[in-house]
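Colleague: The lines below spell out each chain.
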Amino acid sequence: MAAIPKPEELANISFRPPGRKWMDTKPEFKEGTHCHAAAPKWLEWLDYPFPRSWSTYDEDWKLPKNWKEIFLVGFNDRLNKYRSLRLFMDICVRCGACADKCQFFLGTGDPKNMPVLRAELMRSLYRRYHTTAGKILGRLAGARELTEDVVKELYYYLYQCSECRRCSAFCPYGIDMADITILGRELLSSIGLGIEWAMASVGSCFKIGSHIGSPPHAFKDMLEFFADECEVVTGIRPRVPVNEKGHEILFIMPSGDYFADPGTFNCMGYLLLFEYLDLDYTISTFAAEGGNFGYFISHEMGKRLNAKFYAEAKRLGVKWILGGECGHMWRVINQYMDTWNGPADFLEEPVSPITGTKFENAKSTKMVHICEFTADLIKHGKLNLDPSRNAHIVLTFHDSCNPARAMGLLEEPRYIIKNVLPPGHFYEMPENTIREKNFCCGSGSGFNADEYLPIRLRGGFPRASAVRYVHEKYGVNHVGMICAIDRAVFPPLMDYWVPGVDITGIHELVGNALVFPGERERVVDLRKRPLKGKEKEAEKFLEEVM
Amino acid sequence: MPIVEFKGHKWEVDEDGFLSGGLDVWDRDWVEYVKHIEGIPELTDEHWKCIHFLQDYYRTHGIAPMVRIFSKVTGFKLKKIYELFPSGPGKGACKMAGLPKPTGCV
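As they're listed, the protein sequences go chains W and F.
If you read the first sequence in the numbering used here, its first letter stands for residue 1, the second for the next number, and so on.
If you read the second sequence in the numbering used here, its first letter stands for residue 1001, the second for the next number, and so on.
Hints listed in this document are in silico derivations from the structure and should not be mistaken for laboratory results.
These numbers come from a predicted model, not from an experiment.
A couple of the hints might just be wrong.
To be verified - To give an idea of the chain W side of the interface with chain F (calculated C-beta under 8 Å), a few residues:
#1 SER210
#2 HIS211
#3 HIS217
#4 THR339
Stated by the list, open to error - Taking lysine-lysine and the DSSO-like style, the derived pairs with C-alpha atoms no more than 27 Å apart in a straight line are:
#5 W:LYS540 with F:LYS1072
#6 W:LYS379 with W:LYS418
#7 W:LYS308 with F:LYS1101
#8 F:LYS1072 with F:LYS1010
To be verified - Per label pair, the in silico range of CB-to-CB distance:
#9 W:GLY500 with F:HIS1036: 33 to 43 Å
#10 W:ILE4 with F:PRO1002: 16 to 26 Å
#11 W:SER53 with F:LEU1023: 13 to 23 Å
#12 F:VAL1073 with W:LYS207: 44 to 54 Å
#13 W:HIS380 with F:ASP1024: 52 to 62 Å
#14 F:HIS1036 with W:GLY408: 46 to 56 Å
#15 W:GLU431 with F:PHE1006: 53 to 63 Å
#16 W:GLY518 with F:VAL1073: 45 to 55 Å
#17 F:LYS1079 with W:TYR427: 27 to 37 Å
#18 W:ARG520 with F:VAL1073: 17 to 27 Å
#19 W:GLY317 with F:HIS1036: 50 to 60 Å
#20 F:ASP1024 with W:MET546: 33 to 43 Å
#21 W:GLY317 with F:PHE1006: 46 to 56 Å
Glycine included, every Cβ here is placed at the ideal spot set by N, Cα and C.
All chains, full assembly: derive it from the sequences and hints.
Modeller: Have a look at this one:
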């Protein structure tokens, strides 16, 4: 793996553009600047084209003989199919409003990470092959030939865009950079170019059940482990209903929540909440993944993985679906699912069985975000919460890109936070870095791979800087977030830029605060850390149970 | 696929250096090789306890155990696991045990 420079070295970012014109500047495939090539095994599992062993470090990427034709025909198809793409190719006036909004530009200083120029990598091809001026005037009209070098450049930069859409929030025309990136990646995958981390996740999800590749019994084993752990801390052992037919609700969470820390504590929070409510629900080992890395590769693959939700909802005979703290799942649900796999008319319009609230916004998708569900419970006074059990936590909230920008889920998590934390324990980061203007974690869209850490740390630098601000000013010691990629990638990001700041999901905090009838006296939180004022009792307790 | 060689023995690995053939081709030489690249001075019973548990869990469950299960069953806290395997439970211990690396939101 590439050596990681010291933070002070990495923060020394040069914004001086290279001396050559952009079309003459090629990316260098050095270690740490890009993701590994996908192994053939995953493509074979998915019946994807051109599985072969190849390496980004080789000159020859072993493209198929007719790669250029496939790419250009595919580009043409997509321009005809998606009016949005043609519009985004035509409409940019190069005003530059997006240029300094991208965390990858801010963290690398590379001009091709300005969204306007990143999109230009594709636009230059659009001009050459689809506009009269470009066909005749070529480079004078900003057009260029499709060559192998151009393809390599696309591979390099389309995977330095995390599809977070922060730039789109500032674009006066609303150009969606993520859409351009997704379609560009889709064209790359049509000629056999994908990254290992995303392809392995997609292959595993499609064939085995989740991105992490856990078979059904392993998934169940993990859930049972959490139930045991809940019992140790709270005295209450939550039910773990798996693949049971005839319940009202199907609950789907990202696999990061049952495999990777600190998401696993969030999973304990879900189980405890559902037990508290005596919720009529089940979990599926087939729809065992809320995330959809397929969406990071192509629309077609996104659709194939998304279909599992509805196939399982149908098979298990539920009325509606409740979704966990996952990020991009919610863009898929809100903006794609209905045209990909809808209408889900065999399901019912979601109604909370506890409060009777009708989730009008989920009328079509039949899928409710757990933060909406829980905020509604709190609003109706249905949860007995003791915020003092989170008194060791001083929190700031990182809006995860997709729930914030693709769904507008801004208030619900904050409402929950304010009800499960003691007063004065929640601080917002600066205004231009939160809500719809949030900075991305720097690792979204399927490239949270180890070999890519140097770029991820750069991409996460603006976010980390805002955390550092509230850490130093208010003593913030935790960042809360509602996305599993976030929960997986923030720990190394914080260790690097802001040591001493921990990561938590929101339902972990709910699990801590929830007061059950008949529970044991709580002296530790779900992570077995002493509660404030209970340090002595906690020490004794831990001696007994460890 | 890259090939690595150690004391005359060759293995195919993925780009992160995990053993491509998995448990089918895993042997003690591989352990010696990972010990060498990890800079572990000596293999102790504690290392072997980890390796055997990881392999047993993988054979039964088809996936590496999550860190909390690994820690609970072996009785080693995360700090201790890092002392034993400097690259951590995934890139150190799982690699040495011949397990593949999990992907996704991890």
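Colleague: Each hint: holds or not?
Modeller: Cross-check of the supplied hints:
1. SER210: With Cβ-Cβ at 7 Å, under 8 Å, it holds.
2. HIS211: This interface hint holds because 3 Å falls under the 8 Å limit.
3. HIS217: holds, 6 Å
4. THR339: For THR339 of chain W, the interface hint is violated, since the closest Cβ of chain F sits about 25 Å away, which is over 8 Å.
5. W:LYS540 with F:LYS1072: holds, 19 Å
6. W:LYS379 with W:LYS418: Satisfied, since the Cα-Cα distance of roughly 12 Å is no more than 27 Å.
7. W:LYS308 with F:LYS1101: It holds: about 24 Å lies between the C-alpha atoms, which stays within 27 Å.
8. F:LYS1072 with F:LYS1010: Between LYS1072 of chain F and LYS1010 of chain F the Cα gap is close to 35 Å, so the pair fails against 27 Å, i.e. violated.
9. W:GLY500 with F:HIS1036: 33 to 43 Å: Holds, at about 35 Å.
10. W:ILE4 with F:PRO1002: 16 to 26 Å: holds, 22 Å
11. W:SER53 with F:LEU1023: 13 to 23 Å: Once the Cβ atoms are compared, 22 Å apart, the range 13 to 23 Å for LEU1023 of chain F and SER53 of chain W holds.
12. F:VAL1073 with W:LYS207: 44 to 54 Å: violated, 27 Å
13. W:HIS380 with F:ASP1024: 52 to 62 Å: holds, 56 Å
14. F:HIS1036 with W:GLY408: 46 to 56 Å: holds, 53 Å
15. W:GLU431 with F:PHE1006: 53 to 63 Å: Holds, at about 55 Å.
16. W:GLY518 with F:VAL1073: 45 to 55 Å: Violated, since GLY518 of chain W and VAL1073 of chain F (Cβ atoms, about 30 Å apart) do not stay within the stated range.
17. F:LYS1079 with W:TYR427: 27 to 37 Å: Given about 30 Å between the Cβ atoms, the range holds.
18. W:ARG520 with F:VAL1073: 17 to 27 Å: Hint holds: Cβ distance 24 Å, inside 17 to 27 Å.
19. W:GLY317 with F:HIS1036: 50 to 60 Å: holds, 55 Å
20. F:ASP1024 with W:MET546: 33 to 43 Å: About 37 Å separates the Cβ atoms of ASP1024 of chain F and MET546 of chain W, which means 33 to 43 Å holds.
21. W:GLY317 with F:PHE1006: 46 to 56 Å: For PHE1006 of chain F against GLY317 of chain W, whose Cβ atoms are near 55 Å apart, the range 46 to 56 Å holds.
Going down the numbered hints, you'll see the structure goes against 4, 8, 12 and 16, while the others check out.
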